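Enquirer: Spelled out from the first residue to the last, the chains are:
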Amino acid sequence: MIEVKNLNKSFDGRQVLFDIDSTFESGKVNMVIGRSGSGKTVFLKCMVGLLTPDTGSVLYDGRDFTAADEKTRMMIRREMGKVFQMGALFDSMTVAENVQFPLDLFSTMGKGEKKDRVEFCLEKVNLTQAHKLYPAEISGGMKKRTAIARAISLNPKYLFCDEPNSGLDPETSILIDNLVSSLTHEFNMTTVIISHDMNSVFEIGEKVMFLYEGRKVWEGKGREIAGADHPALREFVFASELMKKLHNIK
Amino acid sequence: MNLFEHIGLYALLLRKTFTRPIKFSLFRRQLVHEIDQIGIGSLPLVGIISVFMGAVISLQFAADIMSSQLIPKYTVGYASRQSIIYEFSTTVVALILAGKVGSSIASELGTMRITEQIDALEIMGINSRSFLILPKIMGFLFINPFLVMISMVLGISGAYFTVVATGMIAHEDFMYGVQMDFKTFDVIYAMVKTVVFAFLISSISAYMGYNTSGGSLEVGKSSTQAVVYSIFSILASNLVITYLMLL
Chain A
1 MIEVKNLNKS
11 FDGRQVLFDI
21 DSTFESGKVN
31 MVIGRSGSGK
41 TVFLKCMVGL
51 LTPDTGSVLY
61 DGRDFTAADE
71 KTRMMIRREM
81 GKVFQMGALF
91 DSMTVAENVQ
101 FPLDLFSTMG
111 KGEKKDRVEF
121 CLEKVNLTQA
131 HKLYPAEISG
141 GMKKRTAIAR
151 AISLNPKYLF
161 CDEPNSGLDP
171 ETSILIDNLV
181 SSLTHEFNMT
191 TVIISHDMNS
201 VFEIGEKVMF
211 LYEGRKVWEG
221 KGREIAGADH
231 PALREFVFAS
241 ELMKKLHNIK
Chain B
1 MNLFEHIGLY
11 ALLLRKTFTR
21 PIKFSLFRRQ
31 LVHEIDQIGI
41 GSLPLVGIIS
51 VFMGAVISLQ
61 FAADIMSSQL
71 IPKYTVGYAS
81 RQSIIYEFST
91 TVVALILAGK
101 VGSSIASELG
111 TMRITEQIDA
121 LEIMGINSRS
131 FLILPKIMGF
141 LFINPFLVMI
151 SMVLGISGAY
161 FTVVATGMIA
171 HEDFMYGVQM
181 DFKTFDVIYA
191 MVKTVVFAFL
201 ISSISAYMGY
211 NTSGGSLEVG
221 KSSTQAVVYS
231 IFSILASNLV
241 ITYLMLL
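Chains as they are written, first to last, in the numbering used here: chain A, 1 to 250; chain B, 1 to 247.
Next up, chain A with everything else stripped away, as it sits in the complex (with noise of 0.2 Å):
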């Protein structure tokens, strides 16, 4: 579970983040969503340690995660796996490398072990054929199932994912959600996705939590959020006319 209190942050003396508080349990899909430039990002950069709030306070089970040491905050990191929007695949290394990665740092296995290790990741994620090839010569989807690959290969008690499937078609979208989503509840994971997708919303999001101009001002199950009366979360909702159109037919 990763608790979040009074969360604050501003660059230069601008506020972008205000009094943010909320509650991830493990093994459901939590989705924090919201216009671009509303602060999603930076609310899940400070809640990994990328930036430092201002104030406030980011618990991994009960660890504070921003008032704790150097090492501490290692351990802690140790124990989480991210998605990068752009999938932050290392260049110099193939697919089935970058998903060993981790363990060749953290892990104690012995060299078959991890091999396996890499394998299970890999036919988890549908990419066993892709193992041998460089990031730059898979498509976007396949770098996206690749980080999410090399993210569970520590079997981590934390994922975040930063909009796992901006770029890609709606069919891989759905597949990545659906991938996602399963992993979280297999490995009982507490899982924290950033997106603007209203698509994935519905799909998977247990929890959702919507930021407008650095404020939370919604939060709610997934399903619940059609019919949330905030006015800036309904423009957010039905800015497309399809989903007008499906609202209205409801």
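Hints are computed from structural coordinates only; laboratory data are not their basis.
This one's a predicted model, so the numbers in the text were calculated from it and none came from an experiment.
Among the clues, some could well be false.
Simulated crosslink set (BS3-like; lysine-lysine; CA at most 27 Å straight-line) [as the list claims (entries may be wrong)]:
{"no.": "1", "chain 1": "B", "residue 1": "Lys16", "chain 2": "B", "residue 2": "Lys100"}
{"no.": "2", "chain 1": "B", "residue 1": "Lys73", "chain 2": "A", "residue 2": "Lys71"}
{"no.": "3", "chain 1": "A", "residue 1": "Lys157", "chain 2": "A", "residue 2": "Lys114"}
{"no.": "4", "chain 1": "A", "residue 1": "Lys111", "chain 2": "A", "residue 2": "Lys124"}
{"no.": "5", "chain 1": "B", "residue 1": "Lys221", "chain 2": "A", "residue 2": "Lys157"}
{"no.": "6", "chain 1": "A", "residue 1": "Lys71", "chain 2": "A", "residue 2": "Lys207"}
{"no.": "7", "chain 1": "B", "residue 1": "Lys23", "chain 2": "A", "residue 2": "Lys111"}
{"no.": "8", "chain 1": "A", "residue 1": "Lys28", "chain 2": "A", "residue 2": "Lys132"}
{"no.": "9", "chain 1": "A", "residue 1": "Lys114", "chain 2": "B", "residue 2": "Lys23"}
{"no.": "10", "chain 1": "A", "residue 1": "Lys157", "chain 2": "A", "residue 2": "Lys71"}
{"no.": "11", "chain 1": "B", "residue 1": "Lys23", "chain 2": "A", "residue 2": "Lys71"}
{"no.": "12", "chain 1": "A", "residue 1": "Lys71", "chain 2": "A", "residue 2": "Lys124"}
{"no.": "13", "chain 1": "A", "residue 1": "Lys71", "chain 2": "A", "residue 2": "Lys114"}
{"no.": "14", "chain 1": "A", "residue 1": "Lys132", "chain 2": "A", "residue 2": "Lys114"}
{"no.": "15", "chain 1": "B", "residue 1": "Lys221", "chain 2": "A", "residue 2": "Lys115"}
{"no.": "16", "chain 1": "A", "residue 1": "Lys45", "chain 2": "A", "residue 2": "Lys28"}
{"no.": "17", "chain 1": "A", "residue 1": "Lys45", "chain 2": "A", "residue 2": "Lys245"}
{"no.": "18", "chain 1": "A", "residue 1": "Lys45", "chain 2": "B", "residue 2": "Lys221"}
{"no.": "19", "chain 1": "A", "residue 1": "Lys245", "chain 2": "A", "residue 2": "Lys132"}
{"no.": "20", "chain 1": "A", "residue 1": "Lys221", "chain 2": "A", "residue 2": "Lys245"}
{"no.": "21", "chain 1": "A", "residue 1": "Lys28", "chain 2": "A", "residue 2": "Lys5"}
{"no.": "22", "chain 1": "A", "residue 1": "Lys5", "chain 2": "A", "residue 2": "Lys221"}
{"no.": "23", "chain 1": "B", "residue 1": "Lys23", "chain 2": "A", "residue 2": "Lys132"}
{"no.": "24", "chain 1": "A", "residue 1": "Lys245", "chain 2": "A", "residue 2": "Lys157"}
{"no.": "25", "chain 1": "A", "residue 1": "Lys45", "chain 2": "B", "residue 2": "Lys16"}
{"no.": "26", "chain 1": "B", "residue 1": "Lys16", "chain 2": "B", "residue 2": "Lys221"}
{"no.": "27", "chain 1": "A", "residue 1": "Lys157", "chain 2": "A", "residue 2": "Lys45"}
For chain A, the structure is supplied; the task is to place chain B on it using the hints.
Expert: Okay, now just chain B, sitting in the frame of chain A:
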């Protein structure tokens, strides 16, 4: 950011860079890779430039000395050797490597930064500075003295073949000049410069690349700045080392 802020951040980067590697087996692999990339990769360039520069230096001395009846001909060998050991193989080669190695380090780290590969390392609980920068600095510190020694040998060989093969100076005169009044201290002085220059090039370029923000345009800017600042630091440190060691 002003100069003092840059110096402060550079010092902080170095403090976090010189920490114990997570896994020595991986560090050794990276070190060998960097030595290969920086050292073996730069060898053809250093070799060609050294031969030609040695040849030109000796021709210039020979042209001056041939017209004088008072200066002995072996001076060509002596002056070529001193120029090559003192300045050419250390400083000029360092300036050339600042362009090649410096821009390569800065652009590699800059690209890793903007494509979030450095963030990915941090999320995994890896000290990205130590993991990425330490093997580059150590690799360059290790291989640069060898590159410079090879440059010295090739430079003097270039000088020899040019003036002896063309018949301007006799083999005996040149060899006498090259060996005349040789002091081991001169090579020590050259090696000290070599190690300092290698550290400056690799660390300044790493600092510029690591702190890149933005897109591909900024990677290019970081790369250019890395070369400019490395060159400036080489020239300044050259002056300081020379003053401290030769005077």
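Enquirer: Is the straight-line distance between the alpha-carbon of Lys28(A) and that of Lys132(A) 27 Å or less?
Expert: It is violated: about 33 Å lies between the C-alpha atoms, which goes past 27 Å.
Enquirer: Is the hinted pair Lys221(B) and Lys115(A) satisfied, with a Cα-Cα distance of at most 27 Å?
Expert: 41 Å, violated
Enquirer: Would you mind confirming whether the straight-line C-alpha gap from Lys45(A) to Lys221(B) stays at or under 27 Å?
Expert: 26 Å, holds
Enquirer: Could you grab the alpha-carbon distance between Lys245(A) and Lys157(A) and see if it respects the 27 Å cut-off?
Expert: 40 Å, violated
Enquirer: Sort out whether Lys124(A) lies within 27 Å of Lys111(A), counting only the CA atoms.
Expert: 20 Å, holds
Enquirer: For the pair supplied as a hint, Lys157(A) and Lys45(A), confirm whether the alpha-carbon distance does not exceed 27 Å.
Expert: 17 Å, holds
Enquirer: Taking only the CA atoms, is the gap from Lys16(B) to Lys100(B) under or equal to 27 Å?
Expert: 25 Å, holds
Enquirer: Holds or violated: Lys71(A) and Lys124(A), Cα atoms, limit 27 Å.
Expert: 32 Å, violated
Enquirer: Hint check: Lys71(A) vs Lys114(A), CA-CA at most 27 Å. Holds or violated?
Expert: Holds, because 26 Å separates the two Cα atoms, which is no more than 27 Å.
Enquirer: Is Lys45(A) close enough to Lys245(A), meaning Cα to Cα at most 27 Å?
Expert: 36 Å, violated
Enquirer: Could you grab the alpha-carbon distance between Lys16(B) and Lys221(B) and see if it respects the 27 Å cut-off?
Expert: Since the Cα atoms of Lys16(B) and Lys221(B) sit roughly 24 Å apart, the hinted pair holds (cutoff 27 Å).
Enquirer: Hinted pair, alpha-carbon criterion (27 Å max): Lys73(B), Lys71(A). Please report holds or violated.
Expert: 67 Å, violated
Hint compliance for this structure: hints 2, 5, 6, 8, 12, 15, 17, 19, 24 are not met, and every other hint is.
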